[in-house]
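Read top to bottom, the protein sequences are chains A and B.
If you count by my numbering, then the first sequence holds residues 207 to 322, one letter each, in order.
If you count by my numbering, then the second sequence holds residues 10 to 118, one letter each, in order.
Accuracy of the hints is not assured; some may be wrong.
Stated by the list, open to error - To spell it out: a stretch of chain A is covered by chain B in this simulated footprint if at least three of its residues, at any positions, have a beta carbon under 8 Å from a beta carbon of chain B; those stretches are: (1) 245 to 258; (2) 311 to 322.
Stated by the list, open to error - Far from chain A, some chain B residues (derived; all Cβ distances over 10 Å): (3) VAL13; (4) THR35; (5) THR54; (6) LYS65; (7) GLY69; (8) LYS77; (9) HIS81; (10) SER94; (11) LYS105.
Note that these hints are calculated values from the structure, not bench results.
Since the model is a prediction, treat every value here as computed from it, not as a measurement.
Every residue, glycine too, gets a C-beta built ideally from N, C-alpha and C.
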Amino acid sequence: GAVVSQHPSRVICKSGTSVKIECRSLDFQATTMFWYRQFPKQSLMLMATSNEGSKATYEQGVEKDKFLINHASLTLSTLTVTSAHPEDSSFYICSASVGRGGLEQYFGPGTRLTVT
Amino acid sequence: DQQVKQNSPSLSVQEGRISILNCDYTNSMFDYFLWYKKYPAEGPTFLISISSIKDKNEDGRFTVFLNKSAKHLSLHIVPSQPGDSAVYFCAARRGKLIFGQGTTLQVKP
Chain A
207 GAVVSQHPSR VICKSGTSVK IECRSLDFQA TTMFWYRQFP KQSLMLMATS NEGSKATYEQ
267 GVEKDKFLIN HASLTLSTLT VTSAHPEDSS FYICSASVGR GGLEQYFGPG TRLTVT
Chain B
10 DQQVKQNSPS LSVQEGRISI LNCDYTNSMF DYFLWYKKYP AEGPTFLISI SSIKDKNEDG
70 RFTVFLNKSA KHLSLHIVPS QPGDSAVYFC AARRGKLIFG QGTTLQVKP
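Just chain B, same shape as in the assembly (with noise of 0.2 Å):
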């Protein structure tokens, strides 16, 4: 039972334009919501959180949004760099942490 699911395993976009990565979720009663990024072989690090009370979290360039009615939540990045390019996961934690496949994100110069 695939609770959290990233159902675009690729995503490609110019350098500047905005890269917008996209998560559902199913169960309801996840209280936070995280996205990490992951480089080849590194481990994922942390980007930006959101707790399930609130609708809108931004970092820097990088934003979060949570519908809780569509159980969806996405990431923007304006604007998209290089550097940026790297698998990115969603995450849902109620208690611990389940997290979605992944989508690898290539900016293009």
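Chain A on its own, in the form it takes in the complex (with noise of 0.2 Å):
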């Protein structure tokens, strides 16, 4: 199956500063990238989408000013959280997708960012 990689793993940051994470799909050329944030014990909520070459649409509550989205290529999507916060420590999760209907999304293993 198609295979997405998520870099870091895991972050710990100091309040202020700035988090940039990676998403690549390894096989494949997304058209579409999605990033997802999710809470303990709660589901996964989409934050913005990216397509390849344009701006993120960011969902509603999103602030795009602090969560930086970069579809650079048909490979790679960097997240940025930017003077981050101890209310911004959670799970980050991307996914990839080959056409824009977003039925078929490959995920990756997700980003632990804690903020101190």
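Two independent chains are provided; combine them into the complex using the hints.
Listed below in structure tokens is the structure:
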């Protein structure tokens, strides 16, 4: 099956710093990439959808200036959490899709972010 | 507003028996429903899906049933195996995927 990697798997940073998370589709070209956030014992919440070469579409309530998404190529998308605060601590998961319908999404293993 | 709900946080079944995971939704405009399986420290992996125009889809040991009038879907795993122990998420699509909270399935040997 299609493989999606995320790096880093875990990161601890100090409040006020920025953190970049990478999402790569290893064996296919992803037309669309999605970024999700998961709180403990809760569902995956879609943060934004990004198509290669265009600006990301953010979900309601997600601050685009705080969560910067760059989808520079068909195999790489990055999420940068700027000026991180403890409330940004969460599990962030990306997924990649070949089509734009989002039905077949291949998920990365996730990144655990802890802001101290 | 939780549009997709999995009301059972956990389920425990004996190996060889049937596992039934349930999911309820509120939006009748969803066009596809999906089930994902997630192991610890891994991303969700796709299991099975069903179109809103169907009421059943089967793939090996996995069968998904859709009851549109009740806005309810279920995933049946039979026979259950210890390797099926994981968190199962249902998701519904209307443009984007909306996930339930997940149900942790434990299959005891």
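Verification of the hints:
Under a criterion of three residues with beta carbons nearer than 8 Å to beta carbons of chain B, the stated coverage of the region 245 to 258 of chain A is upheld, 7 such residues being counted. Interface restraint, the region 311 to 322 of chain A with chain B: holds (6 residues with C-beta to C-beta distance below 8 Å; minimum three). Here VAL13/B does not stay apart from chain A, with its beta-carbon only about 7 Å from theirs, under the 10 Å limit. A cut-off of 10 Å between C-beta atoms confirms that THR35/B is not in contact with chain A; the least separation is 14 Å.
For THR54/B, the shortest C-beta to C-beta distance to chain A comes to about 7 Å, within the 10 Å cut-off, and the non-interface label is violated. Under the 10 Å C-beta cut-off, the non-interface status given to LYS65/B relative to chain A holds; the minimum distance is some 18 Å. For GLY69/B, the requirement that its beta carbon stay farther than 10 Å from each beta carbon of chain A is met, with the minimum near 15 Å. Every CB of chain A lies more than 10 Å from the CB of LYS77/B, the least distance being 19 Å, so the non-interface label holds.
Distance to chain A confirms HIS81/B as a non-interface residue, since its nearest Cβ pair spans about 17 Å, more than 10 Å. With a least beta-carbon separation of about 17 Å from chain A, SER94/B lies farther than 10 Å from that chain, consistent with its non-interface assignment. LYS105/B, annotated as away from the interface, has a beta carbon of chain A within 10 Å; the closest lies near 5 Å.
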